[in-house]
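Chemist: Sequence:
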Amino acid sequence: MKAMEINKVVKPEELTLRHILSVRCPMCRAKPKERCTLTTGHPSEKTHLARGLAAAKVAPPDSPPRAALRMLTKAADRGLRCLFRK
7 MKAMEINKVV KPEELTLRHI LSVRCPMCRA KPKERCTLTT GHPSEKTHLA RGLAAAKVAP
67 PDSPPRAALR MLTKAADRGL RCLFRK
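In terms of the numbering used here, the sequence shown is residues 7 to 92.
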């Protein structure tokens with residue numbers, strides 16, 4: 007199921023603000039979850055077009071419950087490997 011999500015292509019018109027803000031902006035170098043900035047350094051009302059195009063190339067971010075489940079699964083897997091290591 008994970009491989010199918012990675013290969014999924016999203017049209018730029020279908021992007022949500024959460025999805026766009028999940029990637030770094032290639033224009034102003036704003037970090038994920040931060041708003042884009044203007045050349046003057048002030049926050050921008052809109053995101054850059056290039057950021058939307060970059061977000062369309064990556065898989066959409068996980069929902070909070072799915073991300074928590076993924077972290078728990080990874081932690082449990084590590085714990086079980088430590089218990090059964092020779």
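No wet-lab data here; the hints were simulated from the structure. Note that the Cβ used here is the ideal one computed from N, Cα and C, for glycine as well. Keep in mind that the hints are not guaranteed to be accurate.
[As the list claims (entries may be wrong)] Simulated restraints, written as ranges between beta carbons of each label pair:
1. P66 to R41: 38 to 48 Å
2. E51 to R84: 40 to 50 Å
3. H48 to L75: 18 to 28 Å
4. T46 to R84: 30 to 40 Å
5. E40 to R72: 19 to 29 Å
6. M77 to A56: 36 to 46 Å
7. P70 to E40: 13 to 23 Å
8. E51 to R30: 37 to 47 Å
9. G47 to L75: 16 to 26 Å
[To be verified] Dumping the calculated EDC-like pairs for lysine to aspartate or glutamate here, alpha-carbon to alpha-carbon at most 16 Å:
10. K63 to E20
11. K37 to E20
12. K39 to D83
13. K52 to D83
14. K52 to E40
Chemist: Hints first: check each against the structure and report whether it holds.
Modeler: Evaluated hints:
1. P66 to R41: 38 to 48 Å: Given range 38 to 48 Å: violated, Cβ gap about 19 Å.
2. E51 to R84: 40 to 50 Å: The hint (40 to 50 Å, Cβ to Cβ) holds, given that E51 and R84 are roughly 43 Å apart.
3. H48 to L75: 18 to 28 Å: 39 Å, violated
4. T46 to R84: 30 to 40 Å: Distance hint for T46, R84 is violated at roughly 46 Å.
5. E40 to R72: 19 to 29 Å: 23 Å, holds
6. M77 to A56: 36 to 46 Å: Given a distance of about 31 Å, which is not inside 36 to 46 Å, the answer is violated.
7. P70 to E40: 13 to 23 Å: Once the Cβ atoms are compared, 19 Å apart, the range 13 to 23 Å for E40 and P70 holds.
8. E51 to R30: 37 to 47 Å: For E51 and R30 the Cβ distance comes to about 19 Å; the hint is violated.
9. G47 to L75: 16 to 26 Å: 39 Å, violated
10. K63 to E20: 12 Å, holds
11. K37 to E20: 22 Å, violated
12. K39 to D83: 29 Å, violated
13. K52 to D83: Given that 16 Å is the threshold and the Cα spacing comes to 41 Å, the pair is violated.
14. K52 to E40: With Cα atoms ~12 Å apart, K52 and E40 stay inside 16 Å; holds.
Hint check: violations occur at hints 1, 3, 4, 6, 8, 9, 11, 12, 13; the rest are consistent with the structure.
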